[in-house]
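S.K.: Each chain, letter by letter, is given below.
Protein chains: 2
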Amino acid sequence: MNDVISGSVGQVRPQTFQCSEPLPLKSGAVLPGFSLVYETYGKLNADASNAVLVCHALSGNHHVAGYYDAANREETTGWWDNLVGPGKPLDTNKFFVVGVNNLGGCYGSSGPNTVNPKTSRLYGADFPVVTVEDWVDAQALLANHLGVQCWAAVLGGSLGGMQATQWTLSFPERLRHAIVIASAPKLTAQNIAFNEVARQAILTDPDFHGGHYYEQGVVPARGLKLARMLGHITYLSDDQMAEKFGRSLKDGALKYSYDTDFQIESYLRYQGEKFSGYFDANTYLLTTKALDYFDPAAQAGGSLDAALAQAKADFLVVAFTTDWRFSPERSREIMTALVHNGRRVSYAEIDSVHGHDSFLLDDAQYHAVLRTYFDEVVL
Amino acid sequence: MNDVISGSVGQVRPQTFQCSEPLPLKSGAVLPGFSLVYETYGKLNADASNAVLVCHALSGNHHVAGYYDAANREETTGWWDNLVGPGKPLDTNKFFVVGVNNLGGCYGSSGPNTVNPKTSRLYGADFPVVTVEDWVDAQALLANHLGVQCWAAVLGGSLGGMQATQWTLSFPERLRHAIVIASAPKLTAQNIAFNEVARQAILTDPDFHGGHYYEQGVVPARGLKLARMLGHITYLSDDQMAEKFGRSLKDGALKYSYDTDFQIESYLRYQGEKFSGYFDANTYLLTTKALDYFDPAAQAGGSLDAALAQAKADFLVVAFTTDWRFSPERSREIMTALVHNGRRVSYAEIDSVHGHDSFLLDDAQYHAVLRTYFDEVVL
Numbered sequence: 068m069n070d071v072i073s074g075s076v077g078q079v080r081p082q083t084f085q086c087s088e089p090l091p092l093k094s095g096a097v098l099p100g101f102s103l104v105y106e107t108y109g110k111l112n113a114d115a116s117n118a119v120l121v122c123h124a125l126s127g128n129h130h131v132a133g134y135y136d137a138a139n140r141e142e143t144t145g146w147w148d149n150l151v152g153p154g155k156p157l158d159t160n161k162f163f164v165v166g167v168n169n170l171g172g173c174y175g176s177s178g179p180n181t182v183n184p185k186t187s188r189l190y191g192a193d194f195p196v197v198t199v200e201d202w203v204d205a206q207a208l209l210a211n212h213l214g215v216q217c218w219a220a221v222l223g224g225s226l227g228g229m230q231a232t233q234w235t236l237s238f239p240e241r242l243r244h245a246i247v248i249a250s251a252p253k254l255t256a257q258n259i260a261f262n263e264v265a266r267q268a269i270l271t272d273p274d275f276h277g278g279h280y281y282e283q284g285v286v287p288a289r290g291l292k293l294a295r296m297l298g299h300i301t302y303l304s305d306d307q308m309a310e311k312f313g314r315s316l317k318d319g320a321l322k323y324s325y326d327t328d329f330q331i332e333s334y335l336r337y338q339g340e341k342f343s344g345y346f347d348a349n350t351y352l353l354t355t356k357a358l359d360y361f362d363p364a365a366q367a368g369g370s371l372d373a374a375l376a377q378a379k380a381d382f383l384v385v386a387f388t389t390d391w392r393f394s395p396e397r398s399r400e401i402m403t404a405l406v407h408n409g410r411r412v413s414y415a416e417i418d419s420v421h422g423h424d425s426f427l428l429d430d431a432q433y434h435a436v437l438r439t440y441f442d443e444v445v446l
Numbered sequence: 068m069n070d071v072i073s074g075s076v077g078q079v080r081p082q083t084f085q086c087s088e089p090l091p092l093k094s095g096a097v098l099p100g101f102s103l104v105y106e107t108y109g110k111l112n113a114d115a116s117n118a119v120l121v122c123h124a125l126s127g128n129h130h131v132a133g134y135y136d137a138a139n140r141e142e143t144t145g146w147w148d149n150l151v152g153p154g155k156p157l158d159t160n161k162f163f164v165v166g167v168n169n170l171g172g173c174y175g176s177s178g179p180n181t182v183n184p185k186t187s188r189l190y191g192a193d194f195p196v197v198t199v200e201d202w203v204d205a206q207a208l209l210a211n212h213l214g215v216q217c218w219a220a221v222l223g224g225s226l227g228g229m230q231a232t233q234w235t236l237s238f239p240e241r242l243r244h245a246i247v248i249a250s251a252p253k254l255t256a257q258n259i260a261f262n263e264v265a266r267q268a269i270l271t272d273p274d275f276h277g278g279h280y281y282e283q284g285v286v287p288a289r290g291l292k293l294a295r296m297l298g299h300i301t302y303l304s305d306d307q308m309a310e311k312f313g314r315s316l317k318d319g320a321l322k323y324s325y326d327t328d329f330q331i332e333s334y335l336r337y338q339g340e341k342f343s344g345y346f347d348a349n350t351y352l353l354t355t356k357a358l359d360y361f362d363p364a365a366q367a368g369g370s371l372d373a374a375l376a377q378a379k380a381d382f383l384v385v386a387f388t389t390d391w392r393f394s395p396e397r398s399r400e401i402m403t404a405l406v407h408n409g410r411r412v413s414y415a416e417i418d419s420v421h422g423h424d425s426f427l428l429d430d431a432q433y434h435a436v437l438r439t440y441f442d443e444v445v446l
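Line by line, the protein sequences are chains C and L.
Count along the first sequence starting at 1, add 67, and that's the number in my numbering.
Count along the second sequence starting at 1, add 67, and that's the number in my numbering.
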């Protein structure tokens, strides 16, 4: 009862899709077979017209909504639970919602920390570099498995939005709506530069052992911590950092040492420490490469207009004013190319102080836009 | 002859100022004595009214102009040689120009890589954390040594500009002009955050050994490389990176590995590698702390207006449109506080694509502003 009132999908359990077919990857490598861990919320309707795929970003996973443990609910709640549930903007009374952990992930899907069937050892650095296109190919096989021929919608924020975009290019007939939030048609040199510093932090950590650290009983926690600290700077807006932390001191006075002087240092160290305790460094590396490589225009002579000519879905593109990782300008590039192609596209630029992270938060205006859009999706 | 034509001050040699007086530091620590390495260009006039002090930024030093080795001129030229020399904007035919390596530096002035007289071993991590105020105090003792009671001007870019500002507060009667370029009245939370990631990269490098790495025969090169790579991202503008590197590939095709795919990666790795080969990690740490701590308003109840009320110098404040490390907005804060105090202040906002690094380059408009300003300094 509480769950209904609070709009939670309630207690959930992940499932596993085992695919024994070989999956050819964009790199030329072939995965001999793979597993995808996923969750579903709501019920697939009779003609399978109400399925919505949620794609995750850099550090996300398949656990989108609900919780695993009622006794430990807050800690085990899905990362987009504010959006997905009965009566929520993506309403599970209407839609059958699917969350999936991508290939190369570290939450149970085939990835560096799973067993390589060829060697019976953990893949580690031998797990191939995967791309957004590869992820979408694998997600399409999951869709087959679930009996979903055509998604009502595919959505995601940031890197998740890139997957939604890629769906419209790889399988134009297999989705009716693409919802692309806080995303970009490709990374800039500055975006790649930040990713490269994060990668070098991991790759040069002596505990990385060429990506085969599992066997050494260590993890490159120092490198992963640095990567996450750096990431956090790009997720928050300058203004929000100024407002939330400013130059506030942690302990009231400067210490004249390398101990923590400012609150912002304490916050970043804490975030980095926490992340390096649960996330996998090889997955972090793979995922930043998928980000760097995504560039649909490159395969269409450099023209985003030409690349998106294949798309058949309707689009909702959402950007946030203070997002400097993927600024509204980047979303407008996507919107403009869609307009040039005569596609139906809605564009919302949300006034938010929370920078790139806004896509995860339950800003009223933002959620109202999504609610309205989903309400109008005809099944 | 060639030197006169090219406007070079010619071959130069650093000198050393030994001060045996104890120097009390802002932290409460006391340096029992210290050395400052410096260079001078041009001639001090009879009434010592033509002296100009150039303050360096994070990775700079005393070698501002001229060269050390005629046979190896390009590699041994000073970092602001485009600005300082006979006939150049800061004209050594008119001015006696002084460059100094700050306390805590790694170019010969007392710092972590010099001998601690108390222990007869290298200071390493025992060198005290020094501040902009401490630097200015030490520079004032150098001024005494040189017979300079009042500088015609003190100038610097970035952290150098903070020293110029601090001169007007610590010794308001001892300079007539302060030239504050690409600077800020204090760091924001985001600025501090970037510094903190850089510091953590160094502090967590296993070769750091608590700052006593010299004795171990190693240097924390991995950490210092990461710090410099990250720094470089903030020195360049997003637009300039896009223009210079964009998504250009280093070897024509994606590699599907963690080898270098993009030119920007190659550039950053090269810059990081080079820097970690000559700069000292302890000095990097100290200098980022000096940046973080600089906040004259904090000692005046949080009011920059109140802090700058002590200043008596005339000011030139210069900002660059694409500088996102210290944006023009930050320079305008300084300018506005000076105006509120009725000070004479000129403000120039230079249209440049080169971001924070612009202050080091010889942009025509920028140099014209400096030339005009220095031409009008009455001796």
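It is worth saying that the hints were derived from the structure and are not from the lab.
Only a predicted model underlies this, so the values are computations on that prediction, with no experimental measurement involved.
Hints may contain errors.
Note that identical chains are pooled: a pair holds if it fits in a single copy or bridges any two copies.
Computed list of lysine-lysine pairs in DSSO-like fashion (alpha-carbon distance at most 27 Å, straight line) [claimed, not checked]:
no., residue 1, residue 2
1, LYS110, LYS341
2, LYS322, LYS185
3, LYS93, LYS161
4, LYS379, LYS253
5, LYS311, LYS341
S.K.: Look at each hint and say if it fits the structure.
M.R.: Okay, the hints, checked on the actual structure:
1. In this assembly of identical chains, LYS110 and LYS341 lie within 27 Å of each other by CA distance neither inside one copy nor across copies; the values are 35 Å within and 58 Å between.
2. Proximity of LYS322 to LYS185 under the C-alpha cut-off of 27 Å is restricted to the inter-copy arrangement: shortest distance 23 Å between copies versus 54 Å within a copy.
3. Taking identical chains as interchangeable, the C-alpha atoms of LYS93 and LYS161 are never at most 27 Å apart, the minima being 35 Å within one chain and 65 Å between chains.
4. For the identical chains of this complex, LYS379 and LYS253 are intra-copy neighbours only, at 20 Å inside a copy versus 51 Å across copies, given an alpha-carbon limit of 27 Å.
5. When the C-alpha separation of LYS311 and LYS341 is checked against a cutoff of 27 Å, the pair qualifies only within one copy, where the shortest distance is 20 Å, while the shortest distance between copies is 37 Å.
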